[in-house]
Amino acid sequence: MKRKSLFIHCLVLIALIAVLPLSMVQADGHCEFAEDTVKIGGLVPLSAPGAVAGGIAMSWAINRAADDINADCGITIDGANHAIEIVIGDSEGSPERGQAVVERFILEDEVDAVTGVYHSAVGLATMSMLDENGVPTVFSEPWNDNVSANGIMEYDGRPPRNADGVDHVFRVSPASSMVGGVVVNWLIDLGVGNVVIIAENTDYGQPAAADEYARFEAAGATVTQINVELGTEDFVPILSRIQASAETPDVVRVLVTGETSFNLTQQMAELGIAPTEDTICVTNQVAFQSEQYWQNVPDGNYCAFNRVGIIPSLFSDTAVELNDAYFEEFEDIVPSYAMASYDAVFILADAIERAGSTSDGAAISAAIETTDLDLSQGRYYFEYGNHNPELPEGTPAFMWHQWPDPVVTMMQYFEQGQSSLDAAVIYPAVYQTHGTDYITPGSSP
Amino acid sequence: MNESFATWLLLAGPLWAAIGLYFLPRMAPKRKRDSAVSEHDLQAAGVVGGFALGPVGIGLFYLAPNLIRRFTLAAGITIAVFIAAQALVRVSDPNLPSALWLILAGPLWAGIASYFIPRRYRDAEAIDTNALTAAALGGFAIGPLIFGLTWKHTPRISREWIIVLGSLGAWQIYTLFAIHNATNPCVAAPFHLTYLTQQTANGVVIGSIYSLMAVGLTLIYSVQGVVSFAHGQLYMVGGYFSFYFLLHAGNILSELTGAEVSVNPIWGIPVAAVIVFIMGAVFERIFLKPMHEGLIERVSEYAILITFGFGFFLEYTTLAIAGPFPQRTNRFIEIRRFTLPRTQITDDFFFGPIHIIGDRAFAMVVGIVLIFALLYFLQRSWTGRALRATSQDRQAAAVTGINPTNMNTLSFALGSMLAAMSGAALIPIFNWVPWVGAEMVGRSYVIVVLGGLGSVPGALAGGVIVGIVEALGAGCHPDPSRGAAYKEAFALVIFALVLLLKPTGLFGREHN
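Chains D and R are the protein sequences, given in the same order. Throughout the first sequence, residue numbering follows our numbering, covering 1 to 445 in sequence. Throughout the second sequence, residue numbering follows our numbering, covering 1 to 512 in sequence.
Hints listed in this document are in silico derivations from the structure and should not be mistaken for laboratory results. Cβ coordinates follow ideal geometry from the N, Cα and C atoms, glycine included. One or more of the hints may lead you astray.
To be verified - Chain D regions said to be covered by chain R (calculated; three or more residues, Cβ under 8 Å):
no.: 1; segment: 220-230
no.: 2; segment: 252-263
no.: 3; segment: 292-301
Said to hold, decoys possible - Simulated restraints on C-beta separations:
no.: 4; chain 1: D; residue 1: Asn-81; chain 2: R; residue 2: Arg-482; range: 50 to 58 Å
no.: 5; chain 1: R; residue 1: Gly-309; chain 2: D; residue 2: Asp-109; range: 27 to 35 Å
no.: 6; chain 1: D; residue 1: Ser-316; chain 2: R; residue 2: Asn-181; range: 54 to 62 Å
no.: 7; chain 1: D; residue 1: Ala-34; chain 2: R; residue 2: Phe-308; range: 44 to 52 Å
no.: 8; chain 1: R; residue 1: Asp-393; chain 2: D; residue 2: Glu-291; range: 53 to 61 Å
no.: 9; chain 1: R; residue 1: Glu-301; chain 2: D; residue 2: Gly-134; range: 57 to 65 Å
no.: 10; chain 1: D; residue 1: Gly-181; chain 2: R; residue 2: Phe-372; range: 52 to 60 Å
no.: 11; chain 1: D; residue 1: Glu-415; chain 2: R; residue 2: Arg-482; range: 36 to 44 Å
Claimed, not checked - Here are a few chain D residues that sit away from chain R, every Cβ distance over 12 Å (derived from the structure):
no.: 12; residue: Glu-270
no.: 13; residue: Gln-289
no.: 14; residue: Asn-323
no.: 15; residue: Asp-324
no.: 16; residue: Gly-378
Use the sequences and the hints to build the structure in full.
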């Protein structure tokens with residue numbers, strides 16, 4: 001009896017061992033991967049003084065995109081499936097550190113492409129290195145206008161730019177001027193005449209402030225600019241100065257990122273400077289993270305903010321899925337830079353597949369130029385590049401290798417603790433959700 | 001006086017002063033001068049005589065060196081200042097009011113006085129404790145008159161004198177400011193008094209909270225002689241302990257009562273205090289005690305590295321556990337801001353309104369109460385006296401039955417606890433992230449050195465001074481676009497000046 005039982009047990013064990021490899025293939029979604037992986041470097045800030053929260057969100061999105069692509073059998077080159085391998089590097093928000101990480105990406109990790117970058121200073125410092133080494137790169141968050149053709153030393157301002165050193169760097173985040181244009185047009189339409197801009201002393205804040213300053217002045221508004229250091233906690237002395245000015249400002253525009261903007265906006269509200277009936281509060285896009293925003297800016301009701309990316313009510317299926325996954329992980333709404341980072345990996349993967357090579361940077365970059373993909377933020381394409389080198393008169397040089405359609409809207413909270421999914425889209429008119437271009441504090445749309 | 005003559009005077013003055021400084025002490029015949037005319041007197045005479053009257057001045061003192069001991073020096077100084085200032089005024093701006101000459105000459109006189117007066121004190125074998133500070137401030141504030149006050153006699157310049165002279169100097173800066181930046185809110189009537197008071201109130205409120213953190217740092221230093229580089233992270237974890245305690249206590253109470261309950265952040269302060277006190281005590285026993293027992297060779301380096309390491313450990317552990325997203329607790333009080341209403345004193349003179357954010361005012365009160373409680377503990381309790389005794393002389397304290405090892409542990413635990421309490425007091429005010437301590441700890445070092453390393457009252461005063469200087473600096477800077485960006489630099493300027501003029505700090509002991 002015992003012998004028979006032992007025999008049956010052995011048979012079961014053998015059967016299990018035989019089935020095991022089959023079950024592993026099943027677990028991989030029926031994909032067989034070639035040994036070589038496609039390495040994509042993700043350059044994000046994961047330590048202070050960088051925007052760590054932003055970096056973690058971007059890192060999560062980059063890895064999520066790789067997982068999603070790998071679940072769909074990765075990138076197919078010459079009939080073989082290649083899995084994507086993500087290598088994350090911590091820029092710390094510092095240009096020097098960013099350069100060191102890119103050097104490591106190129107020399108040690110031998111990445112096939114790069115994405116990420118939150119801080120403009122890091123983008124500006126690393127783009128020439130990436131370009132010179134022929135590494136196809138899709139930046140997903142730096143806004144500085146010069147993070148493209150403008151910022152390349154060799155660029156002389158006249159297309160075509162073949163061999164001018166602007167071949168491999170692309171951007172799917174908006175340039176500061178694209179965002180500034182929307183914000184200023186909205187405020188000018190509202191009739192503001194006395195503007196206070198509070199800008200961070202960085203490669204993002206200063207050019208963005210200069211751009212908006214010029215636009216406001218051109219529209220006849222009086223502008224006062226105040227520069228602050230990123231990481232400052234106490235803004236009360238400088239806010240008291242605004243409060244003491246002879247004329248109450250019509251708007252206080254915050255060009256400060258991350259948690260610093262939360263501190264600034266909350267102190268502004270606590271002192272009764274803005275938002276008030278007389279003064280509009282326009283805070284940074286991080287306000288879109290409503291969970292964080294309300295925890296840190298409990299008095300920030302009626303603040304408006306610019307939002308990059310498709311408005312929540314128009315989210316595609318991909319965006320909804322991504323948002324759900326993000327919410328599960330971070331209990332907040334997916335920010336635009338996470339969506340852009342997610343999409344950037346897909347753009348790179350698609351280009352590598354079409355180029356049919358992981359090592360031919362020029363072929364991959366040429367393929368990126370002809371991208372035509374519908375992803376979480378909408379349809380991606382690059383209007384100007386070596387495939388279409390003639391920029392029409394008046395088109396800014398940053399449009400070279402720039403995704404031209406990031407949706408920039410103005411949104412506004414009108415209830416304490418409101419989710420950003422329910423916040424009002426107030427500008428441009430075509431996207432308005434509550435039929436108004438501004439909700440005066442104390443009222444409801 | 002035409003411009004070219006003024007320029008010539010400006011150029012010639014320093015040249016002759018340099019010649020006088022070099023040659024007069026070497027050339028003045030010893031037989032003609034009495035023994036009271038020292039080498040420094042001759043140097044001073046060379047500079048002043050040369051600057052004021054060129055070769056005539058040098059010749060005068062060469063022929064009659066004893067004149068230096070009389071009023072001649074003061075007269076020469078006055079002439080020199082007058083000529084130099086007039087020349088400067090004319091060259092820089094012919095329309096500038098001549099009354100500004102003293103203000104323009106302030107830094108020059110501060111430099112001259114700080115060079116000569118302390119030497120004069122030492123030559124006279126007088127106490128020169130505050131001589132440098134008094135000379136610099138006095139030179140800046142009242143120009144050559146400081147020589148008249150201090151040259152003939154060598155009085156001991158008291159702290160009160162320094163305050164008076166410093167105030168005079170500040171008044172001069174204010175006057176200069178008022179003339180050159182008439183639209184600045186700090187000087188533009190009729191709002192300036194309200195505005196200055198508002199900024200001073202901002203500074204006092206935040207400065208009191210700075211003080212609480214700095215007091216902990218200075219306490220550790222005074223007893224152990226160790227500068228804790230983990231202080232910022234202890235401040236940070238204090239905030240997080242408060243945050244998580246409030247979160248969980250709120251959840252538990254909500255479950256028990258069936259209604260949403262939020263716990264006031266004031267309760268987070270004692271919780272953070274107890275946890276970090278224990279944490280500090282354990283760290284001290286394990287890592288710092290061997291240092292005091294002679295088991296470590298390079299004690300100073302070890303103390304820096306081990307506290308640095310502790311700080312890193314705390315920061316990155318918190319990052320791993322709490323994540324990078326900013327946190328904030330509920331308010332202490334449900335009053336967004338206090339507003340002291342406008343008070344009309346005369347038709348043209350009014351005051352207010354002054355706004356103070358409610359939670360900040362509350363945190364200030366918490367900070368002040370805790371500092372005074374600590375002072376009471378240090379002054380009145382046996383343990384507090386034992387701590388002070390250990391900080392003054394460890395061996396003598398041991399002879400009287402005090403256990404210095406226990407005092408070391410207590411001081412580190414107490415200091416850490418104070419940092420944690422200030423963190424717990426500030427988490428309703430600022431967004432809290434794992435690296436929030438970096439900015440605060442840098443400021444704390446400035447405060448403790450400014451107040452005097454090891455001095456608790458010094459840390460209190462230093463914190464308030466730093467708070468006020470930062471607020472006034474950011475609020476009064478002529479260029480509003482830069483004022484906020486330079487906020488921390490203003491405190492560093494004061495810090496540098498204090499280090500230069502009084503290296504022991506405002507309340508520091510001469511010898512530790």
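Now the hints, each set against the structure:
With 6 residues having a beta carbon nearer than 8 Å to a beta carbon of chain R, the segment 220-230 of chain D meets the requirement of three or more and the stated coverage holds. Counting residues of the segment 252-263 of chain D whose CB lies closer than 8 Å to any CB of chain R gives 3, which reaches the minimum of 3, so the coverage claim holds. Interface restraint, the segment 292-301 of chain D with chain R: holds (5 residues with C-beta to C-beta distance below 8 Å; minimum three). Evaluation of the 50 to 58 Å hint for D/Asn-81 and R/Arg-482 yields a pass: the beta carbon distance comes to about 57 Å.
As the Cβ distance of R/Gly-309 to D/Asp-109 is approximately 29 Å, the hint placing it in 27 to 35 Å holds. Taking the beta carbon of each, D/Ser-316 and R/Asn-181 are about 55 Å apart, inside 54 to 62 Å as hinted. Distance hint check for D/Ala-34 and R/Phe-308: the Cβ-Cβ separation is about 47 Å, which falls inside the suggested range of 44 to 52 Å. The hint said 53 to 61 Å for the Cβ distance between R/Asp-393 and D/Glu-291, and at roughly 55 Å that hint holds.
With their beta carbons about 47 Å apart, R/Glu-301 and D/Gly-134 fall outside the hinted range of 57 to 65 Å. Between D/Gly-181 and R/Phe-372 the beta carbons are some 56 Å apart, a value that agrees with the proposed interval 52 to 60 Å. Range check, D/Glu-415 to R/Arg-482: Cβ separation about 38 Å, and the 36 to 44 Å hint holds. Consistency note on D/Glu-270: stated as away from chain R, yet its beta-carbon is not over 12 Å from all of that chain's, at 5 Å minimum.
Against the 12 Å criterion, D/Gln-289 falls within the reach of chain R, whose nearest CB is about 8 Å from its own CB. At roughly 17 Å, the least C-beta separation between D/Asn-323 and chain R is larger than 12 Å, which holds for a residue marked as non-interface. Under the 12 Å C-beta cut-off, the non-interface status given to D/Asp-324 relative to chain R holds; the minimum distance is some 19 Å. For D/Gly-378, the non-interface assignment is confirmed: its Cβ lies about 27 Å from the closest Cβ of chain R, beyond the 12 Å cut-off.
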